[in-house]
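Listed in order, the protein sequences are those of chains A and B. Numbering that gives the first Met the number 0 applies: residue 0 is where the first sequence begins, and numbers increase by one. Numbering that gives the first Met the number 0 applies: residue 0 is where the second sequence begins, and numbers increase by one.
The reader is advised that the hints may include incorrect statements.
What the hints assert, rightly or not - Restricting the straight-line Cα-Cα distance to at most 27 Å, the calculated cross-link-like pairs of lysine-lysine (DSSO-like) are:
| # | chain 1 | residue 1 | chain 2 | residue 2 |
| --- | --- | --- | --- | --- |
| 1 | B | K162 | A | K212 |
| 2 | A | K212 | B | K172 |
| 3 | A | K281 | A | K361 |
What the hints assert, rightly or not - A few chain A residues that face chain B, going by a derived Cβ cut-off under 7 Å, partial list only:
| # | residue |
| --- | --- |
| 4 | R101 |
| 5 | T187 |
| 6 | G209 |
| 7 | L227 |
| 8 | T229 |
Everything labelled a hint here was simulated from the structure, so no lab data went into it. Ideal Cβ positions, reconstructed from N, Cα and C, are used throughout, including at glycine.
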Amino acid sequence: MQVTSSVREPLVTGGKSYHDVTHDVARHVEAKPNIRWFLAFLTSAGVLALGSIALLATLWEGIGMWGLNKTVGWAWDITNFVWWVGIGHAGTLISAVLLLFRQKWRTSINRAAEAMTIFAVICAAMFPVIHMGRPWLGAYWALPLPNTFGSLWVNFNSPLLWDVFAISTYFSVSLVFWYIGLIPDFATIRDRATGLRRTIYGALSFGWDGAAKTWMRYESVSLILAGLATPLVLSVHTIVSFDFATSVIPGWHTTIFPPYFVAGAIFSGFAMVLTLMIVTRKVYKLEDYITIGHIELMNIVIIITGSIVGIAYITEFFIAWYSGVEAEQYAFINRATGPYWWAYWSMMTCNVISPQLFWFKKIRTSIVATFALSIVVNIGMWFERFVIIVTSLHRDYLPSSWAMFYPTWVDVGVYMFTFGLFFTLFFLFAKFFPVINMAEVKAVLKSSSEKVHK
Amino acid sequence: MEKDTHFILGVYDDEDVLLHAVEEVRGSGVRIHEVYSPYPVHGLEHVLGYKRTRLPIAAFLFGMLGTTLALTMQFYMMRFDWPMIIGGKDYAAFPDFIPVSFELTVLLASFGMVSVFMISSNLKPWAQPRIFDVRSTDDKHIMAIDIANNSALEVEKIKEILKSSGATEVNKKSFE
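Just chain A, with the same shape it has in the complex (with noise of 0.2 Å):
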């Protein structure tokens, strides 16, 4: 019994046939990289070349190197850090908020999303770690082993090792959740193919035959792993926010971080993923399966959170101004009318104002102006870290120690390197994997094709 509706628009477009998605998506994998491919990996390689001098840079002469000083002691690299982590949020959310709201929608960007996520949160990680000075001696600091750098254990109190926990927790479950299912689409893979690919895909397929026995194994861990994960994707930005939260410097320790964090990492990652999606449609000729229907929903979830991001904007001014503490309505007034007002207003312009275009339907359905939108959110997301944590330490508590921040080449370089590595392993994805969950469409795809509709 399928129950078709007359309203709703279908989720893939075209007419596809079963065979006809197995093809669209697989062919990419099978064919030989093209010219334009190898140019697109070989300047995002570029990039991540000539970012690892900065990054070299870094570990060979130390941390000296950013543009910190001893008021300043987070900034680009702690920015980068929360931009890039919450940058990837949205995989997880895609794939396992929206299964357990039962979207349908999710089948068809849920897998590059996934892969964009993994990619962003190595990126991530990077800046913790290079952070330390010494990474090579991180592990004592980062992990509970005995030593006797300074108290015998990690500090369990502390957020930042909370984070340690959170962000590697998240990253070996979102990448176990994503290798789950690319597991049936390699077999897919497998099973087109002969010789040296046949060996490849076979040993990544795990031996999968997709018999209903470990389809519906697989369902449950899907559906379980979704509820897991959907705990595990909010605490990891409540987490990195609490590092913030539980300090005590005006313009930091607000209660309201948590939720705003979260929403944020959502805004963000929600135009990240539009920003990579847009393009690949089109390289891809995908656009019968991430449909303009697709676009406008998460157009839809960045005027959501973009707005609540907005109204904890709002209310942060309005309780530091309430509290009557002077310190806090100094940071606040600080930040939009002190010294790096340019930073605050930038902010203000991407992530409040810019969002809000989507409310017109003719905006949120245009791809031009999607994916121009969805860079803009992210540039906005970057300052929004910049200011929360530049404008909060640059007044300190004694006048006399009031400084600015200025990058150095380092800190662009390694910012760019970034960059470089997350671009380089998302053509390596494009390229290698399936990137259409391939059996999550055709579960959805009866509902939308007449040629399998019976």
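Use these hints to put chain B onto chain A, whose structure you have.
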């Protein structure tokens, strides 16, 4: 005839036809070896008469193990092995131990459950699966029937049952 070597395969195009076919075929006394599908078909496990998977129980137990290990570790390190006053808090600052306990619960539940899944479904990189029909990972549902397991019925009779249940093709497949 040897068991697990000679099979009759029914090929189905449509998931709804397949669901009815499984009921019909089982109703006429044929024992189905397994059904292979390119995507999860909801309700297939019910008509095949499979028992519900106990993987959720495994996940719960591994999760409890994670919570226990995390709390034991933190209390041991912070309260007993090397007590220190941090931020004027109690040695055993229980609320501070919750984030790490939560993360380790999720970590062990996920990895434990996935490991059990891998082992029970024989998923491993060096596994050599038996492929009845390569289209079963593309666009066809393949119903495999072990001839040796259905010695009471004639092969031609089984083929007829499959055909009348809606199979678009009926093939034979033998393994060494």
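Cross-check of the supplied hints:
1. B:K162 - A:K212: Holds - the C-alpha atoms of K212 (chain A) and K162 (chain B) are around 24 Å apart, at most 27 Å.
2. A:K212 - B:K172: holds, 21 Å
3. A:K281 - A:K361: holds, 20 Å
4. R101: violated, 12 Å
5. T187: Status holds, d = 4 Å.
6. G209: holds, 5 Å
7. L227: holds, 5 Å
8. T229: This hint is violated: T229 (chain A) lies away from chain B, its Cβ roughly 10 Å from the closest one there, beyond 7 Å.
Going through the hint list in order, the structure does not satisfy hints 4 and 8.
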